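Trainee: Produce the entire structure from the sequences given, and follow the hints as far as they go.
Anchor point for the sequence shown: position 17 equals 17 in my numbering, and the numbering is continuous, going up by one each time.
Derived by calculation from the structure, the hints in this document are not laboratory data. It should be emphasised that the depicted structure is a prediction, and the values quoted were computed from it without experimental measurement. Treat the hints loosely; a few may be bogus.
Capping the alpha-carbon separation at 25 Å, the derived lysine to any residue pairs in SDA-like fashion look like this [stated by the list, open to error]:
{"#": "1", "residue 1": "Lys142", "residue 2": "His125"}
{"#": "2", "residue 1": "Lys134", "residue 2": "Ala72"}
{"#": "3", "residue 1": "Lys142", "residue 2": "Trp51"}
{"#": "4", "residue 1": "Lys198", "residue 2": "Met141"}
{"#": "5", "residue 1": "Lys198", "residue 2": "Asp354"}
{"#": "6", "residue 1": "Lys134", "residue 2": "Gly151"}
{"#": "7", "residue 1": "Lys142", "residue 2": "Asp173"}
{"#": "8", "residue 1": "Lys198", "residue 2": "Gly145"}
{"#": "9", "residue 1": "Lys142", "residue 2": "Ser162"}
{"#": "10", "residue 1": "Lys134", "residue 2": "Met124"}
{"#": "11", "residue 1": "Lys142", "residue 2": "Thr79"}
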Amino acid sequence: MTSFDSSPQLSIWRALLALTVVFVMLATTGWTAVRQHRGDASPLEASLAAWERGHIDGRPLPDAGAPADRLARFFASLTGYQRDRLAARYPLAVGNMNGAPVRLRYDANRVALRQARAIERRRMHDDRLSPVGKQEAERRMKRFGVMMRPGRQVLAFDPMGSGRMAEVLGDLDRARRVSVIVPGVDTDVLTFERTQRKYAAPVGMARSLYGAERRAAPRTRTAVIAWADYTTPVGLGVDAATSMRADDGAVRLDSLVRALPGRTGVALYCHSYGSVVCGVAARRLPDRVTDIAVAGSPGMRADNVSGLGTSARVWAARDSDDWIQDVPHMEVGGLGHGADPVSGGFGARVVSADRARGHTGYFEPGTDSLSNFARIGVGAYDAVRCAGGDAGCHDGISGTTAA
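Mentor: Written as structure tokens, this is what we have:
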């Protein structure tokens, strides 16, 4: 009988066994439930269908799925009054249309939020709903009301199912640097912003990063996008262990970046499963994406930075008590997300996450991870603090590109 007790094969078999046990456990705990809405009419699809049939002063409307630059030229050819009419008539279509002026999208989404809020108000009193259903309708109504407050800049909104949303902090049209937060599992319209554990939610992450960037470079015009405009996995089940949700999210992330105004550099901050989205998207993203920073990553669907196929600088952070370190960093038969981005062999620029705690603490004020992310966002690379106190994360970078 051949012994494997001290061989590399034993380590491989142990890792495979651990991976199998983890995913079987997750798959049988009920965490894999996905909210299905088969047969439900999508308000966004209905708005897009109406747009496709529409006209403005006898002029046919362009294909809503046309390239962003073509749609931008169409909107630029309209009067302000005509643009406002389109936003009022097709709010969900215009509010989610890459290529439409960002401020027109904000206005359109305010209309769409008002309409969705009215629907949820009616659902609260629908006797066909269970008490739990009525309670969720009330929560959604309140969330939509909060997002309609003056100063909120909603760049994308889809009320279907658990919902999708994106919000901008700062002046996106005039920004010299743009940062995009890409969150992980269990992110929807209800968890987009939290009162408790606020820095674990996209809005809290974005506000914290925006403030830190302004402190790091007060004269640099920045904008931060809290981007939850993809359908995230629900819980830590098989959905979270595969790239299915990430594949769709990567397409949507690429579309967002390509439609951003101007030619300014873009940094992506990808938390947890969001790093899977960024890893899948990396190869197709335009060169304006200068930096991809991952935090608490289960993997990026690549063996190393070269496998991502991107020219962007890739940064990674993980604090000492993040449970994600115990997840098997490998991919077998589509399960798992590959190598650990903070491992030496992966080749990312590993930065300090001192004072961050747990899996969701990377954007907490006072943490090294937040300070480092802000410096990356404004291009102050020389001020980034590497993990372990060495200077390895600065290799090949000189000075700062902050504007």
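Trainee: Now look at each hint and say whether the structure bears it out.
Mentor: Each hint tested on the structure:
1. A distance of roughly 15 Å separates the Cα atoms of Lys142 and His125; the hinted pair therefore holds under the 25 Å criterion.
2. A C-alpha spacing of about 40 Å is found between Lys134 and Ala72, which places the hinted pair above 25 Å, so the restraint is violated.
3. Note on Lys142 and Trp51: the hinted pairing is violated, with a Cα-Cα distance of about 29 Å set against a maximum of 25 Å.
4. The straight-line distance between the Cα atoms of Lys198 and Met141 is roughly 20 Å, inside the 25 Å bound, and the hint therefore holds.
5. Distance check on the hinted pair: Lys198 and Asp354 sit about 20 Å apart at the alpha-carbon level, within 25 Å; holds.
6. Restraint check for Lys134 and Gly151: the C-alpha separation of about 29 Å exceeds 25 Å, so the hint is violated.
7. As the CA atoms of Lys142 and Asp173 are separated by approximately 29 Å, the hinted pair breaks the 25 Å bound.
8. Distance hint between Lys198 and Gly145 is fulfilled; the C-alpha atoms sit about 18 Å from each other, no more than 25 Å.
9. Annotation: proposed proximity of Lys142 to Ser162 holds, straight-line Cα distance about 15 Å (limit 25 Å).
10. Taking the CA atoms of Lys134 and Met124, the gap is near 5 Å; set against the 25 Å cutoff, the hint holds.
11. Of the supplied pair hints, the one linking Lys142 and Thr79 is violated, its CA atoms being roughly 34 Å apart against a limit of 25 Å.
The structure fails to meet hints 2, 3, 6, 7 and 11 from the earlier list, while all remaining hints are met.
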